[in-house]
Amino acid sequence: MVSFTDKTGKGGENNSFHHRMSQITLTFEAGDGVNFSVVKPERYTLDGLLLTGTFNTADGIATADNGAQAESLAMNLADGNLTSSIILFPQTVASLPLVVNYKSQEYHTTLTVPEGALQAGNNYTYTVKVRNKVLEVSEATIAKWNDIDGGDVGADL
Numbered sequence: 001m002v003s004f005t006d007k008t009g010k011g012g013e014n015n016s017f018h019h020r021m022s023q024i025t026l027t028f029e030a031g032d033g034v035n036f037s038v039v040k041p042e043r044y045t046l047d048g049l050l051l052t053g054t055f056n057t058a059d060g061i062a063t064a065d066n067g068a069q070a071e072s073l074a075m076n077l078a079d080g081n082l083t084s085s086i087i088l089f090p091q092t093v094a095s096l097p098l099v100v101n102y103k104s105q106e107y108h109t110t111l112t113v114p115e116g117a118l119q120a121g122n123n124y125t126y127t128v129k130v131r132n133k134v135l136e137v138s139e140a141t142i143a144k145w146n147d148i149d150g151g152d153v154g155a156d157l
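Read in the working numbering, the sequence shown has 76 at position 76, and its numbers run on one by one without any break.
Treat the hints as calculated values from the structure; they're not laboratory data. Glycine residues also receive a C-beta, built at the ideal position from the N, C-alpha and C atoms. Honestly, I wouldn't trust all of these hints.
Below are the BS3-like pairs computed for lysine-lysine, each with C-alpha atoms no more than 30 Å apart in a straight line [to be verified]: (1) LYS133 x LYS103; (2) LYS129 x LYS40; (3) LYS129 x LYS103; (4) LYS40 x LYS103; (5) LYS129 x LYS144; (6) LYS40 x LYS133.
Now the in silico label distances, taken between C-beta atoms and shown as ranges [stated by the list, open to error]: (7) PHE36 x ALA94: 25 to 33 Å; (8) LYS144 x SER104: 33 to 41 Å; (9) THR110 x GLN69: 16 to 24 Å; (10) ILE61 x SER37: 42 to 50 Å; (11) THR57 x PRO97: 31 to 39 Å; (12) VAL38 x THR63: 40 to 48 Å; (13) ASN56 x HIS108: 30 to 38 Å; (14) ILE142 x SER37: 27 to 35 Å; (15) LYS144 x THR63: 17 to 25 Å; (16) ASP65 x ALA94: 15 to 23 Å.
Let's have the full structure, built from the sequences with the hints guiding it.
Laid out in structure tokens, this is it:
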């Protein structure tokens, strides 16, 4: 049996946690000719994603189902939130079509995925500027998810 946290049978010394999925974080900003103070984007859709997969408890690896058909994932931006994160299986994908719904209009663009893959443990952060007629997307910033040490916990009988 392998520990979920450090891939060793004995559990390791620090028993630290490691993310095995990928994350995409989109932050929406108002660009030229757009004002979010009255109306904010309602939702967005990312296309071309593998949404199913498996997690191997023996080696701690999450794998997208490469035999599955790529799908769309629609996300509502509730309560005026302008930042949204999704967690996905690691997968090979060069680009992802993005549609943002703002004022009942669809704005289309494409996210470019660095190195052609969403890799385990990485958070791909994009800034999406909604402009009067188009979307402007920054290059992805890739960061490891923050590993947080929860400290020692004791259990008394």
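Hints violated by the structure (numbers, ascending): none
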